[in-house]
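Novice: Generate coordinates for the entire structure from the input sequences, incorporating the hints supplied.
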Amino acid sequence: MRYPRRTSARADRFFAGLVASAGYFVLFALAGAAISMFWGGREAITTFGFDFFTSSNWDVGAGQFGAAVAIFGTLVSATIAMLIAVPISFGIALFLTEVAPNWLRGPVAAAIELLAGIPSIIYGMWGLFVLAPYLGEHIYPWVNDNLGELPLIGALFQGPPIGIGLLTAGLVLAVMVIPFTSSVMREVFLTVPTRLKESAYALGSTKWEVAWDIVLPYTRTAVIGGVFLGLGRALGETMAVTFVIGNAYNISASLLEPGTSIASSIANEFAEAVDPLHKSALLALGFVLFVITFVVLSISRLMLRQLKRREGTV
Amino acid sequence: MINSIKLRVAALALAAAFVAPAHAADITGAGASFIFPVMTRWSADYNKANGTRVNYQSIGSGGGIAQIKGATVDFGSSDAPLPPEELAAAGLGQFPSAIGGVVPVVNIPGITAGQVRFTGPVLADIFLGKITQWNDPAIVAINEGVTLPETRITVVHRTDGSGTTFNFVNYLSKVSPEWQTKVGEGVSVKWPTGIGGKGNEGVAAYVKQIKGGVGYVELSYALQSKMSYVAMQNKAGKWVQPGAESFQAAAASADWASAKDFYLIMTDAPGDASWPIAATNFILMYKQPKDAARSKAVTDFFSWVYVNGRTQAEELHYVPLPEPLVKQVQEYWTANFKF
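Quick mapping for you: the protein sequence lines, in order, are chains A and B. Using our numbering, you'd call the opening residue of the first sequence number 1 and step up by one each time. Using our numbering, you'd call the opening residue of the second sequence number 1001 and step up by one each time.
Keep in mind that the hints were calculated from the coordinates and are not lab data. For clarity, every value in this text was computed on a predicted model and none was experimentally measured. Possibly wrong hints are sitting among the right ones.
[Said to hold, decoys possible] Calculated cross-link-like contacts (lysine to any residue; reagent style SDA-like; alpha-carbon spacing at most 25 Å):
1) B:1238 with B:1254
2) B:1130 with A:144
3) B:1211 with A:138
Specialist: Following this line, the structure appears as structure tokens:
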């Protein structure tokens, strides 16, 4: 009896080690990526110091590099994307789990998954050749005339209606993010026990009340996870943004003005970064993007912990 | 029947597999998108004639210089010549491949190619962001008889390191002191205004998309994508249209014989018929390469281009090198290249 047990224990240890190494591989790869980007970018960071993060001067010819414009463009385009994508994704998921007739649920869910599979360059080309001219000709002039005059937010909408800029980038990103967030939301909405929903309906709740008071609280953690998955994609998206953001080192209050993002700057310039300082600045940009993503994820974790604590006390 | 076809296909595939190593002389190059259209034609025709394939990647002049310095390609290509000191430091040699021209292109409803005219200073003011409407008095004054709409001007420039940019801003610096002090020269500069496209292709695509857009591309890109290029006033004060003749005239004014390592920039050329933004494409190679056979294959290719590639170049609106210049290049090879 002892002999077989020993082998099974050994096999168990071996298996545990195997799984552990797979787990540690993630940490190792993560640390490796962060360290190598930081190491590659150290020259730019030591040359310009803290100015690298706050200066908006990116002049390749003069060897001056400041990341503020790219950071600004990345955050703004991702924010626009999430402002549009989250409510729509919520609507899609709710429709598919609560409202839609059964025969429709399968096809629409499959369509969303297909949307997620479209390569980002296709979204970029669609953005440049279809969306941007349409926006530039029909939507942005109207936005300019009608929203540009508003107090406070008016400045956001004054600008050249050329169809290419931060707002267009945000719109394209929103379309790209929706499949991710909505399919996560749909999956988790399906996990809500029927008896909970049925009880609420039995008490006379409307569909909205069920969604807001039963489905959402039950699935909160996973929904926030889905939103941040989408945000991660929006922050790091490269090709589609490069096509429609305008690639100009320019910070402006107007969302219609062209700008640039971290990922699109790297895509545009990395191949011909001859000057070591230029290459280093681009790697440092990559490191900044890494840090931004890390901060975003940490915030989501903190929010979740906060939520759990509140649930515990109430 | 089907079986025999299958057999033949298999035999061919097998033969190809064995023949492939014999193509070890296949050569790779990378750089300027300026010359990509004609390079594609040359390599296709050269492959037919000699069986050697030339694989050229259009990644921009900045990229071409970076790739050859990293020795990842057999030759690099740039529209911005490297100064002799920089060549010497890197152990590189440099020679011209073909001459072409950078043309401003516009997208104004109702305006056809060659209809609008720019002077150098007006072009500089547009790219400085000082002239912002198409019906600005400065543009209207030099375009009598052309109705220009009250449309906003959107400047489109290159975002990658580009020899097309190098020649364009070199010209603007020569004609506008303000450009010279505010922006300056280089393969990439800090643009005062506008949006950025990657490669000649990218700039062409944006200008076509944006009403009121103005950009600058190599002539064959403008013609291929049927864009409205503009006429320019040259140094002699004459109006010229872009094309082989005006590029040729600019090339004829250049003094190649006294240019060390062919370091010569052709913008703002003198002469009544000269196009003001003519540009030369340069090939960069190691003087003492690791793989001599491949570098020999590159010079063989360009020897063939100088003789048999002239019509293809002309068809695509480039100017082939004049005879004396070809001779000078060949002398340069013998004197400098050790393979």
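Novice: Is residue 1211 of chain B within 25 Å of residue 138 of chain A, Cα to Cα?
Specialist: holds (12 Å)
Novice: Can you confirm whether the C-alpha distance between residue 1130 of chain B and residue 144 of chain A stays at or below 25 Å?
Specialist: Given pair residue 1130 of chain B, residue 144 of chain A holds - Cα atoms ~22 Å apart, limit 25 Å.
Novice: Residue 1238 of chain B and residue 1254 of chain B were given as a pair; does the straight-line alpha-carbon distance stay at or below 25 Å?
Specialist: holds (18 Å)
Comparing the model with each earlier hint shows no violations; every hint is respected.
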